[in-house]
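Protein chains in written order, with the working numbering: chain A, 1 to 198; chain B, 1 to 198.
Read the hints as simulated data drawn from the structure, not as lab findings. There may be inaccurate statements among the hints.
As the list claims (entries may be wrong) - List of simulated lysine-lysine pairs, DSBU-like, C-alpha gap at most 35 angstroms:
| hint | chain 1 | residue 1 | chain 2 | residue 2 |
| --- | --- | --- | --- | --- |
| 1 | B | 135 | B | 165 |
| 2 | A | 53 | B | 53 |
| 3 | A | 53 | A | 135 |
| 4 | A | 14 | A | 53 |
| 5 | A | 14 | A | 135 |
| 6 | B | 121 | A | 121 |
| 7 | A | 135 | A | 121 |
| 8 | A | 121 | A | 53 |
| 9 | A | 14 | B | 135 |
| 10 | B | 14 | A | 14 |
| 11 | B | 53 | B | 121 |
| 12 | A | 14 | B | 121 |
To be verified - Have a look at the derived ranges for each label pair, beta carbon to beta carbon:
| hint | chain 1 | residue 1 | chain 2 | residue 2 | range |
| --- | --- | --- | --- | --- | --- |
| 13 | B | 63 | A | 188 | 15 to 23 angstroms |
| 14 | B | 73 | A | 3 | 14 to 22 angstroms |
| 15 | B | 63 | A | 14 | 19 to 27 angstroms |
| 16 | A | 133 | B | 10 | 57 to 65 angstroms |
| 17 | B | 173 | A | 187 | 23 to 31 angstroms |
| 18 | A | 3 | B | 130 | 30 to 38 angstroms |
Stated by the list, open to error - If you want the footprint, here are the derived chain B segments under chain A, 3+ residues with CB under 8 angstroms:
| hint | segment |
| --- | --- |
| 19 | 29 to 36 |
| 20 | 40 to 52 |
| 21 | 111 to 119 |
| 22 | 179 to 185 |
Keep in mind that this is a model prediction, so the values were computed, not measured. Every residue, glycine too, gets a C-beta built ideally from N, C-alpha and C.
There are 2 protein chains.
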Amino acid sequence: MSRLLQDVVGELTKLPGVGRRTALRLAIHLLRMEPESVHDMTRSINRFRDDVKYCAQCNNLSDEEICPICADPERDHSTICVVEQVADVLSIENTHQYRGLYHVLGGVISPMQGIAPSDLKIDLLVDRIARGGVKEVILAISTSVEGETTLFYLMNRLRQFEGLKVTAIARGIGFGDELEYVDELTIAHALMNRREVE
Amino acid sequence: MSRLLQDVVGELTKLPGVGRRTALRLAIHLLRMEPESVHDMTRSINRFRDDVKYCAQCNNLSDEEICPICADPERDHSTICVVEQVADVLSIENTHQYRGLYHVLGGVISPMQGIAPSDLKIDLLVDRIARGGVKEVILAISTSVEGETTLFYLMNRLRQFEGLKVTAIARGIGFGDELEYVDELTIAHALMNRREVE
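This is chain A alone, in the form it adopts within the complex (with noise of 0.2 angstroms):
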């Protein structure tokens, strides 16, 4: 095999998902396009890793100091949402649902993988509520055992600011989802957080 694929083989394969199979096949890929095109991908990539920067107030990406959401005047400043990553603001943003500022903590809390609350953006959380201003946390954490202790991690950190609305956003049935194929323990919850239907 070419040193070259080879090479490009094994560095593909640092990607989450991408496995010995799928590098070959993107880099089959990479021979139809045009290398400037190739080259064009290449540089966002290192930009993107070089320049990125975390918004001094919610940890979110950023190119400036403090990020559009936050430097938003129109945007709710008394509500903030908690998310484990960058990725969730984003699916959040494209409900166009949400009004107020987001605080990502960049992960969960994890024994298993070492991940302490020092390791996310918790103090930062603490301190930003701290000065003043904020009206509800909403705790928008998954539900798997690491989501569920860091979502009682953070209900403990929060119960010093008298008066702060802590809240988690719903669990239930999503929409489309056929009750057949909901495990035991959403259906449960589901059933327990019943609505009155008008």
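The hints should help you fit chain B onto chain A, whose structure is shown.
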């Protein structure tokens, strides 16, 4: 959304099987990699695209004028296995069962996609056989409509070589495949080509 992130997501979706969601996941992963590791990856992608060469004899990827397989005196130079693409060479090499040479067509004939026989390395194959020394050509082409078209076209072109044995790889039920999930055409083929068990 950060402009740098937007750029990299747009660029990554150029890759096959990478939609916006996957591109986003890949981008977020890049942030967890060391910058030097990201640079190594992009450098090897650029080098692969810029410096890759094709074997002048068999059209396989090669770092040299003639690829290591064609240049290997230990291999059987009287047998040529014709495949669609570079990845197929790797698949067959991984079996460690084949000791002959290869010929990479670079695709299959596809009027729908505007791929004519002249777009493939078929003349190169014919010239190669015309130089003599080849006893058998194994056609290892996929069973798609385009593959069958290519197979028949090749058989026609190779008919001119008297005494040349032209074979096609066996079609049948794959190891580990359950009959229940195999398509009828394959089953019918496998039944027709049944072998006496010793």
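Going down the list of hints, with the structure as the test:
As the CA atoms of residue 135 of chain B and residue 165 of chain B are separated by approximately 6 angstroms, the hinted pair is consistent with the 35 angstroms bound. Among the hinted pairs, residue 53 of chain A with residue 53 of chain B is inconsistent with the structure: their alpha-carbon atoms are about 39 angstroms apart, more than 35 angstroms. Proximity of residue 53 of chain A to residue 135 of chain A is assessed by CA-CA distance (about 28 angstroms); at most 35 angstroms being required, the pair is judged to hold. Between the alpha carbons of residue 14 of chain A and residue 53 of chain A the distance comes to roughly 23 angstroms, so the proposed pair stays at or under 35 angstroms and holds.
With a CA separation close to 42 angstroms, the supplied pair residue 14 of chain A and residue 135 of chain A exceeds the 35 angstroms bound. A distance of roughly 57 angstroms separates the Cα atoms of residue 121 of chain B and residue 121 of chain A; the hinted pair therefore is violated under the 35 angstroms criterion. Pair hint residue 135 of chain A plus residue 121 of chain A holds up; C-alpha atoms about 19 angstroms apart against a cutoff of 35 angstroms. Our distance criterion of 35 angstroms between C-alpha atoms is met by residue 121 of chain A and residue 53 of chain A, whose separation comes to about 15 angstroms.
For a cut-off of 35 angstroms, the pair hint linking residue 14 of chain A to residue 135 of chain B is broken: about 43 angstroms separates their Cα positions. Distance hint between residue 14 of chain B and residue 14 of chain A is fulfilled; the C-alpha atoms sit about 18 angstroms from each other, no more than 35 angstroms. Our distance criterion of 35 angstroms between C-alpha atoms is met by residue 53 of chain B and residue 121 of chain B, whose separation comes to about 15 angstroms. For the given pair, residue 14 of chain A sits about 33 angstroms from residue 121 of chain B by alpha-carbon distance, which is consistent with the 35 angstroms threshold.
Look at residue 63 of chain B against residue 188 of chain A: about 60 angstroms separates their beta carbons, and that is not inside 15 to 23 angstroms. Checked against the given bound of 14 to 22 angstroms, the beta carbons of residue 73 of chain B and residue 3 of chain A, roughly 21 angstroms apart, stay inside it. At roughly 22 angstroms, the beta-carbon separation of residue 63 of chain B and residue 14 of chain A lies within the given 19 to 27 angstroms, and the hint holds. For the hinted restraint 57 to 65 angstroms between residue 133 of chain A and residue 10 of chain B, the CB-CB distance of approximately 36 angstroms leaves it violated.
Against the hinted window of 23 to 31 angstroms, the Cβ-Cβ separation of residue 173 of chain B and residue 187 of chain A comes to about 40 angstroms, which falls outside the hint. Between residue 3 of chain A and residue 130 of chain B the beta carbons are some 32 angstroms apart, a value that agrees with the proposed interval 30 to 38 angstroms. For the segment 29 to 36 of chain B, the stated coverage by chain A holds: 5 residues have a C-beta nearer than 8 angstroms to a C-beta of that chain, and at least 3 were required. Counting residues of the segment 40 to 52 of chain B whose beta carbon lies closer than 8 angstroms to any beta carbon of chain A gives 13, which reaches the threshold of three, so the coverage claim holds.
Figure legend: the segment 111 to 119 of chain B, annotated as covered by chain A; annotation inconsistent (0 residues with Cβ-Cβ distances under 8 angstroms, at least 3 required). Given a C-beta distance limit of less than 8 angstroms, the hint that chain A covers the segment 179 to 185 of chain B is violated, as 0 residues qualify and 3 are needed.
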